[in-house]
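Using the hints provided, position chain B relative to the given structure of chain A.
Top line first, the protein sequences correspond to chains A and B. Using the numbering used here, you'd call the opening residue of the first sequence number 1 and step up by one each time. Using the numbering used here, you'd call the opening residue of the second sequence number 1 and step up by one each time.
Treat the hints with care, since some could be wrong.
List of simulated lysine to any residue pairs, SDA-like, C-alpha gap at most 25 Å [to be verified]:
(1) A:K10 - A:N34
(2) B:K187 - A:T148
(3) B:K187 - A:R152
(4) A:K96 - B:I2
(5) A:K99 - B:K37
(6) B:K157 - A:V94
(7) A:K122 - B:R28
(8) B:K157 - A:G100
(9) B:K37 - A:L65
(10) B:K21 - A:T108
(11) B:K18 - A:I109
(12) A:K99 - B:R375
(13) B:K175 - A:L79
(14) B:K183 - A:K63
(15) B:K183 - A:R152
(16) A:K96 - A:I109
(17) B:K157 - A:M26
(18) B:K21 - A:V123
(19) B:K21 - A:G100
(20) B:K183 - A:N76
(21) A:K122 - B:S141
(22) B:K21 - A:Q127
(23) A:K31 - A:L79
(24) A:K63 - A:M26
(25) A:K96 - B:E164
(26) B:K183 - A:R130
Hints in this document: simulated from the structure, not taken from any laboratory.
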Amino acid sequence: MALNPMDIYKLLPKTNCKKCGEATCMSFAFKLLNREKRLEDCKPLYEDKKYERQRKKLEEMLKPLEEATETGLIVNEDLCVGCGNCVVVCPVHVEKDPKGAAVGNGPTIDDPILRVEDGVVKVINMQACRRYGKNRVLCVVCRENCPTDAIRFLEG
Amino acid sequence: MIMICPGCSCLCDDITIKDGKIFNACRRGEEIFGRYKENRARAMVDGKEVDVDAAIGKAVEILKEAKNPAIYGLDTTVVEAQKLAVELAEKLNAYIDDNSSFCLGELVEAVLKKEMPTATLDDVRDNAYVIIYWGSNPFHSLPRHMSRYSYYPRGAKRPRGYDEDRYLVVVDVRKSETAVLAKKNAKFIQVDDDAELVDSFFKAMDGKAAKYAQDVGIILNEMKKADFNVIFGGLGLKYGLKDLKMFVELVKKLNEVAPVYFIPAGFHANMRGFNETLFEKTGYVNKYSFRDGSSDDSFAFTELLMNEKIDAALIVGTDPIYSLPHDVSAKLGKIKTIVVDPRMSFTARVADVVIPSAISGIEMSGTMVRSDGVRIKLEAIEEREVNDIHILKKIMEGL
Numbered sequence: 001m002a003l004n005p006m007d008i009y010k011l012l013p014k015t016n017c018k019k020c021g022e023a024t025c026m027s028f029a030f031k032l033l034n035r036e037k038r039l040e041d042c043k044p045l046y047e048d049k050k051y052e053r054q055r056k057k058l059e060e061m062l063k064p065l066e067e068a069t070e071t072g073l074i075v076n077e078d079l080c081v082g083c084g085n086c087v088v089v090c091p092v093h094v095e096k097d098p099k100g101a102a103v104g105n106g107p108t109i110d111d112p113i114l115r116v117e118d119g120v121v122k123v124i125n126m127q128a129c130r131r132y133g134k135n136r137v138l139c140v141v142c143r144e145n146c147p148t149d150a151i152r153f154l155e156g
Numbered sequence: 001m002i003m004i005c006p007g008c009s010c011l012c013d014d015i016t017i018k019d020g021k022i023f024n025a026c027r028r029g030e031e032i033f034g035r036y037k038e039n040r041a042r043a044m045v046d047g048k049e050v051d052v053d054a055a056i057g058k059a060v061e062i063l064k065e066a067k068n069p070a071i072y073g074l075d076t077t078v079v080e081a082q083k084l085a086v087e088l089a090e091k092l093n094a095y096i097d098d099n100s101s102f103c104l105g106e107l108v109e110a111v112l113k114k115e116m117p118t119a120t121l122d123d124v125r126d127n128a129y130v131i132i133y134w135g136s137n138p139f140h141s142l143p144r145h146m147s148r149y150s151y152y153p154r155g156a157k158r159p160r161g162y163d164e165d166r167y168l169v170v171v172d173v174r175k176s177e178t179a180v181l182a183k184k185n186a187k188f189i190q191v192d193d194d195a196e197l198v199d200s201f202f203k204a205m206d207g208k209a210a211k212y213a214q215d216v217g218i219i220l221n222e223m224k225k226a227d228f229n230v231i232f233g234g235l236g237l238k239y240g241l242k243d244l245k246m247f248v249e250l251v252k253k254l255n256e257v258a259p260v261y262f263i264p265a266g267f268h269a270n271m272r273g274f275n276e277t278l279f280e281k282t283g284y285v286n287k288y289s290f291r292d293g294s295s296d297d298s299f300a301f302t303e304l305l306m307n308e309k310i311d312a313a314l315i316v317g318t319d320p321i322y323s324l325p326h327d328v329s330a331k332l333g334k335i336k337t338i339v340v341d342p343r344m345s346f347t348a349r350v351a352d353v354v355i356p357s358a359i360s361g362i363e364m365s366g367t368m369v370r371s372d373g374v375r376i377k378l379e380a381i382e383e384r385e386v387n388d389i390h391i392l393k394k395i396m397e398g399l
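Chain A extracted, bound-state conformation (with noise of 0.2 Å):
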């Protein structure tokens, strides 16, 4: 299920209380989805029982984000054939390993950022993705072009 920073929102204290260091309660849902913030930066959620019912939606709300890589993508093995679609069409691989990926193979470089291990996808490399780090863009090929939805983003 896809996260967005409204859903977190709506389950926050908002109170506008500045404890977490934020000026508002959105610009907080926003840095937790980023993963710029933690839930527990929020006081009010944990030290208010008031709070208490709308505290537990939230974890089991942000339970992803823990699985997710720093990209914020999410590899469902069960799902994956190793059909290696994700590691072709990757834009990163078909600049890097014009040899390779791009020309359909597996990949010939050390540091994929995709590679098809024992039958399943792996993250090899995250740091190459194009949305690694502060410059990223917010590319999202390797999914569109999963057959089973077994890659999937954070953000849907």
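Same frame as chain A, but now just chain B:
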């Protein structure tokens, strides 16, 4: 170590095995490389374990006594073994058939008889623009087909790959996993009856109205843009059309508009190898009777079983109890069965004689034929002495 995968008719040649891990193989290929040592067959006669030579001896005895023997399977073994099996069938005056009689045999036959122009998958990767998957779902049958050879890779004349240089068409009765991928520069046609779509193509080319005229018109316009288009036909195409001739005519007529090639897609690793081997020898691709000197629908292994025309079967590398309907496979109990298989398959468990063999491509080197007709030499990881070639030679000597 770089290996060729004998998992399906893609015969991917970039499988790397390093430090106990298998790279680049799909789940289907990984299953073969990772688990080939599991569930191995043991030599057996009437359910009792014996040594291999005794099992071969018993097989020879059964074949000698049989009045109407049949040889069946052979789609996963190498061409060298298939040739021996054809010779054996000739010697026995037997029926010979493989899975292609209910799989894509007819489509391969049309290609071998040059009724339709064909090309290699490497040509497809380098040149193809419009790529049609008709009644074929490579997601299940040929997992790496799209990423290695057709839609996704960037080819010599198609450097931008699927981004701009390809046009994907998926024809199916349901929204298959492949149809889901038909997004940008693509079209998914959900058909009720394949004949209607063939008809629409004919009518659209003549400028007449038809059920799928709009979609077909777009596809025809796209085809005109390129000098290389390809149709991959699968089981849906074979069973969707009552008469394959209309499809052959369609490909011919499409070639008047733009170059269109046809490649069958979706079968066992070396099914085309069997078709070609038998075609070279007899002029037919499957369901052949050496006694009658011809091929006929009634000589298909399933028909022979149903009509109780045979009294013994030599089954090589296939598992009819698993793959055929119960009504048909139950009849195996009425005849003498000899199973040559690396694994303890369901058929092996009920067979009169089981001869354990080697897994082609992993324990036995040899040649296989890819779905587009390219012959590929497979090298074994570890050669096993008792393989299909050895067993068939021994049976031949015994006779």
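Hints versus structure:
no.	hint	verdict
1	A:K10 - A:N34	holds (17 Å)
2	B:K187 - A:T148	holds (19 Å)
3	B:K187 - A:R152	holds (24 Å)
4	A:K96 - B:I2	holds (22 Å)
5	A:K99 - B:K37	violated (34 Å)
6	B:K157 - A:V94	holds (16 Å)
7	A:K122 - B:R28	holds (17 Å)
8	B:K157 - A:G100	holds (17 Å)
9	B:K37 - A:L65	violated (40 Å)
10	B:K21 - A:T108	holds (16 Å)
11	B:K18 - A:I109	holds (15 Å)
12	A:K99 - B:R375	holds (23 Å)
13	B:K175 - A:L79	holds (18 Å)
14	B:K183 - A:K63	violated (31 Å)
15	B:K183 - A:R152	holds (17 Å)
16	A:K96 - A:I109	holds (8 Å)
17	B:K157 - A:M26	violated (50 Å)
18	B:K21 - A:V123	holds (15 Å)
19	B:K21 - A:G100	holds (19 Å)
20	B:K183 - A:N76	holds (22 Å)
21	A:K122 - B:S141	holds (22 Å)
22	B:K21 - A:Q127	holds (23 Å)
23	A:K31 - A:L79	violated (30 Å)
24	A:K63 - A:M26	holds (19 Å)
25	A:K96 - B:E164	holds (20 Å)
26	B:K183 - A:R130	holds (22 Å)
Consistency with the previously given hints fails for numbers 5, 9, 14, 17, 23, ordered from lowest to highest.
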